[in-house]
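Protein sequences appear in the order of chains A and B.
Position 303, counted from 1, in the first sequence is what our numbering calls 303; the numbers after and before it change by one each time, with no gaps.
Here our numbering = 1-based position in the second sequence + 1000.
FYI, nobody ran anything at the bench for these hints, they're computed from the structure.
Only a predicted model underlies this, so the values are computations on that prediction, with no experimental measurement involved.
One or more hints might be untrue.
To be verified - Capping the alpha-carbon separation at 16 Å, the derived lysine to aspartate or glutamate pairs in EDC-like fashion look like this:
1) B:Lys1197 - B:Asp1234
2) B:Lys1122 - B:Glu1411
3) A:Lys133 - B:Asp1471
4) A:Lys133 - B:Asp1204
5) B:Lys1335 - A:Glu29
6) A:Lys133 - B:Asp1228
7) B:Lys1075 - B:Asp1540
Claimed, not checked - Estimated spans, in silico, between C-beta atoms of each pair:
8) B:Arg1468 - A:Asp288: 52 to 60 Å
9) B:Glu1185 - A:Val273: 50 to 58 Å
10) B:Thr1045 - A:Phe70: 42 to 50 Å
No residue lacks a Cβ here, since even glycine has one placed at the ideal position from N, Cα and C.
In case you want the letters, here they are:
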Amino acid sequence: MNEVFKYILMIVILLFTLTSIAAWLIWLERRLLALWQDRYGPNRAGPFGLLIVAADTIKLFFKEDWIPPFAEKAIFVIAPAIVAAAVLLSFVVVPFAPGILVSDLNVGLLFFLAMSSLGVYSIVLGGWASNNKYSLLGALRGASQMISYEVFMGLSLMGVVMLSGSFRLTDIVMAQTDLWFVVTQPVGFVLFLTAGIAETHRLPFDIPEAESELVAGFHSEYSGMKFGMFFIGEYLGIILISAMVVTIFFGGWLGPVLPPLVWFVLKTFVFIVLFILLRASLPRPRYDQLMEYGWKFILPVALLNLLVTGAFALM
Amino acid sequence: MFNSMDIDAGLDDEVLALFGEASVKRQATIDGITTFWVKKEHIVTVLEHLKSQVANPYSMLYDLSAVDERNRANKAGLNGSVPPDFTIVYHLLSFGRNAFIRLKVALHGEYPTMPSICTLWKNADWYEREVFDMFGIRFEGHPHLRRILMPLTWKGHPLRKEHPARATEMGPFRLWDEKQHEEQEALQFNPEDWGLKRHSADSDFMFLNLGPQHPGTHGVLRIILQLDGEDIVDAVPDIGFHHRGAEKMGERQSWHTYIPYTDRIDYLGGVMNNLAYLLAVEKLAGIQVPPRVEVIRVMLCELFRIASHLVWYGTFAQDLGQLSPVFYMFTDREKIFDIIEAVCGARMHPNWFRIGGVAQDLPIGWDKLVADFVAYFPKRLREYDQMVMRNSIFRARTVGIGVYTLEEAIEWGVTGPGLRACGFEWDFRKKQPYSGYQNFDFDIPTEQNGDCFDRAKIRVEEMRQSLRIIDQCVRNMPEGPYKSDHPLTTPPIKKNTMQDIETLITHFLNVSWGPVIPSGEAMSCIEATKGANSYYLTSDGSTSAYRVRIRTPSFPHMQMLPYISKGYTVADLLSILGSIDYVLADIDR
Chain A
1 MNEVFKYILM IVILLFTLTS IAAWLIWLER RLLALWQDRY GPNRAGPFGL LIVAADTIKL
61 FFKEDWIPPF AEKAIFVIAP AIVAAAVLLS FVVVPFAPGI LVSDLNVGLL FFLAMSSLGV
121 YSIVLGGWAS NNKYSLLGAL RGASQMISYE VFMGLSLMGV VMLSGSFRLT DIVMAQTDLW
181 FVVTQPVGFV LFLTAGIAET HRLPFDIPEA ESELVAGFHS EYSGMKFGMF FIGEYLGIIL
241 ISAMVVTIFF GGWLGPVLPP LVWFVLKTFV FIVLFILLRA SLPRPRYDQL MEYGWKFILP
301 VALLNLLVTG AFALM
Chain B
1001 MFNSMDIDAG LDDEVLALFG EASVKRQATI DGITTFWVKK EHIVTVLEHL KSQVANPYSM
1061 LYDLSAVDER NRANKAGLNG SVPPDFTIVY HLLSFGRNAF IRLKVALHGE YPTMPSICTL
1121 WKNADWYERE VFDMFGIRFE GHPHLRRILM PLTWKGHPLR KEHPARATEM GPFRLWDEKQ
1181 HEEQEALQFN PEDWGLKRHS ADSDFMFLNL GPQHPGTHGV LRIILQLDGE DIVDAVPDIG
1241 FHHRGAEKMG ERQSWHTYIP YTDRIDYLGG VMNNLAYLLA VEKLAGIQVP PRVEVIRVML
1301 CELFRIASHL VWYGTFAQDL GQLSPVFYMF TDREKIFDII EAVCGARMHP NWFRIGGVAQ
1361 DLPIGWDKLV ADFVAYFPKR LREYDQMVMR NSIFRARTVG IGVYTLEEAI EWGVTGPGLR
1421 ACGFEWDFRK KQPYSGYQNF DFDIPTEQNG DCFDRAKIRV EEMRQSLRII DQCVRNMPEG
1481 PYKSDHPLTT PPIKKNTMQD IETLITHFLN VSWGPVIPSG EAMSCIEATK GANSYYLTSD
1541 GSTSAYRVRI RTPSFPHMQM LPYISKGYTV ADLLSILGSI DYVLADIDR
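Using the sequences and the hints, build the whole thing.
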């Protein structure tokens, strides 16, 4: 009974913390972008404009929740929920600190890969169900982008699995007590980060959304809280990928002096900022260029990395 | 002033000998452009001859317009014993001769017809449609003659003299149910109306309506895309949403009060539009402006060229997904506007040049403002090079996209950076210097490939050259008056106004009614921010123009879009649109 209660408490705390952090990230991103773009950003509501998040949330809740009459209603409604659910489910296996995690699955890494890949369904389904040509193009691009990065996303992590000998994320963290995997697996790190950005559909890989080309891409027709779900899903995705990068390549919670959880949060924060910095600086490639890049360049590199790692592991 | 009288004299004889005095007649014009009246039945042959038979051919159809001559008070100078009801005017440009030629065709009757020259020049298509839309003159043999600027449901042809020029002359606007129904019917999309097929042998096409409200079109432009997947099979630009009747307004404004309207043609070019208009007015009036005026004009124009290119630079990067550059570039543009504001009192539309001068002398301390900017800007340009031009994704999106050759560019009437990107060193500031550009030391950048990246590179380099010109302006600003001492200078110099009654009367008339510009016709041509911009003015010897024809660079550039975007993807279309650097007001006027 006590055990069950502990899990439920953990899940509730996690849900609450993650969604609020994701919401505050919107503020953080807008302020950081503004800082880098020589302007102010939101600075009126509350200290440093922090309350803009509250205002935004209230606005989203009270907006008319419009479903276009020409849309495929059921799928249109389900689509945004998929992305939020898939990303939140991935957090089940993230070890924030010793003892602070929901479930220490022995196939944690695979579970993460499986769950995070489901996110693309919301793009394809949402874009298709909107019955709008721009959304459809966005959905098509989303699908083509998915088959470009998914191929090397899993492969880029297999080197780490070989070295640590486990799919369990806590094992992977503990295997980095002496040396972070970013040192032994630099190629894997770069590839995984690239795939991670593509998975969150952030610039430079915001191809399904491509504001200047497709207006808002797959979510053109969404408004109110359904749009909010896509929005939150995107920021949850950033947190997830940053947390996974930290867990797999940067020693997770490991670090001197400070408590483990603080280390984890600090490291994750660095990658979140990196995500935002990328958005401030890079243009967007064409989707066929991304596909070409993924299949013709990154995939061979990922395989080579695996081969070399395997050779070392055998020796 | 350019002059090529000796070559022209040879041409004169050649054309006359070929077609005989009866069908070709020479007219003297004040702007020195060779002008012939040609009989309607010979025009196609004459044009064909000039395009391909003569030495140093007139390879570019620079402009095609018409004049409604029915209200002319001053019919002398119009061809023949029976004055024409309408005149079609062709302007051709020969690069070899560095000269324009103007051919006019007299037409008679209420709704006359003309042979189409679409087979001769590709860019004649839109020009002929415009003449049809504005005058109701039909072009026989035109493949798709329908309205281009006005709504399809419009009644009448606006540039005809009987068409009202003011809303107040048209009666109050009512939208009855039937009318609304009719308007909405006209908006129904039918691919066939646009000359598009629904299917090919192996696929059904998707039609994507890009605009008129779209973040990537930079204004109210609509492009109908015929797509196979994401590949563009055909693209049809639908223009006219920004049409404000600028040419018609010229016929009811005085010569002086029309100046602010010109600001709003290429609304990023600011006073540069004033210059194009005033050069033509000053040719008609025979005004020579003092050297200080020339240099002030050049300096402000070049500042606006940089401002316009900065907007293009930022938005181009943004079209390709780069979010930050546009903010830096608008910040720099704001610094230019600070200078413009200090000099002119306004930012985007200063309305600052006057007939025979500028509105006021430069303010005290202007030189420090400008010199500071000249010192500050090069470092920023280097930074932008790092950020945008050298970015590998930016290159991947622009190199080899939207390519056209020099021949194609000339065929479609491309001028400005788009022409120079094809390896052709042609800049009206150098070739036909106006406003004293011959006194400045600057280079014309050229590139070889004619793709989006090269067009971008040219503009970036042009900003550096403009900066050089501005620097020379600051160093060598001549002393002297800021208005010429000429009776038609508007507003006139005031120093003798209170001394004698004659000057007082002239002053009063020039200020209240506006100046009376002597009858005649003149065309100016300047290297504007986006290409060659011309005002072809016809004066009937009154206080306002009889006809104002504005030849803008963006119009032919947009016409070329389908040709250069076929086979690319939707994402590339945005690169191409960005690299053309158009302004909707410059297309629609």
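A quick look at each hint next to the structure:
This hinted pair checks out: Lys1197 (chain B) and Asp1234 (chain B) have alpha carbons roughly 10 Å apart, not beyond 16 Å. Annotation: proposed proximity of Lys1122 (chain B) to Glu1411 (chain B) holds, straight-line Cα distance about 6 Å (limit 16 Å). A C-alpha spacing of about 51 Å is found between Lys133 (chain A) and Asp1471 (chain B), which places the hinted pair above 16 Å, so the restraint is violated. A C-alpha spacing of about 14 Å is found between Lys133 (chain A) and Asp1204 (chain B), which places the hinted pair at or below 16 Å, so the restraint holds.
With a C-alpha separation of about 27 Å, the suggested pairing of Lys1335 (chain B) with Glu29 (chain A) is violated against the 16 Å cut-off. For the suggested pair Lys133 (chain A) and Asp1228 (chain B), the alpha carbons sit about 13 Å apart, so the restraint of at most 16 Å is met. The suggested pairing of Lys1075 (chain B) with Asp1540 (chain B) holds, with an alpha-carbon distance near 9 Å, which does not exceed 16 Å. At roughly 41 Å, the beta carbons of Arg1468 (chain B) and Asp288 (chain A) sit outside the given window of 52 to 60 Å.
Between Glu1185 (chain B) and Val273 (chain A) the CB atoms are about 55 Å apart, so this pair conforms to the stated range of 50 to 58 Å. Remark: the range hint 42 to 50 Å for Thr1045 (chain B) to Phe70 (chain A) is contradicted by a beta-carbon distance near 56 Å.
Of the numbered hints stated above, those contradicted by the structure are hints 3, 5, 8, 10, listed in ascending order.
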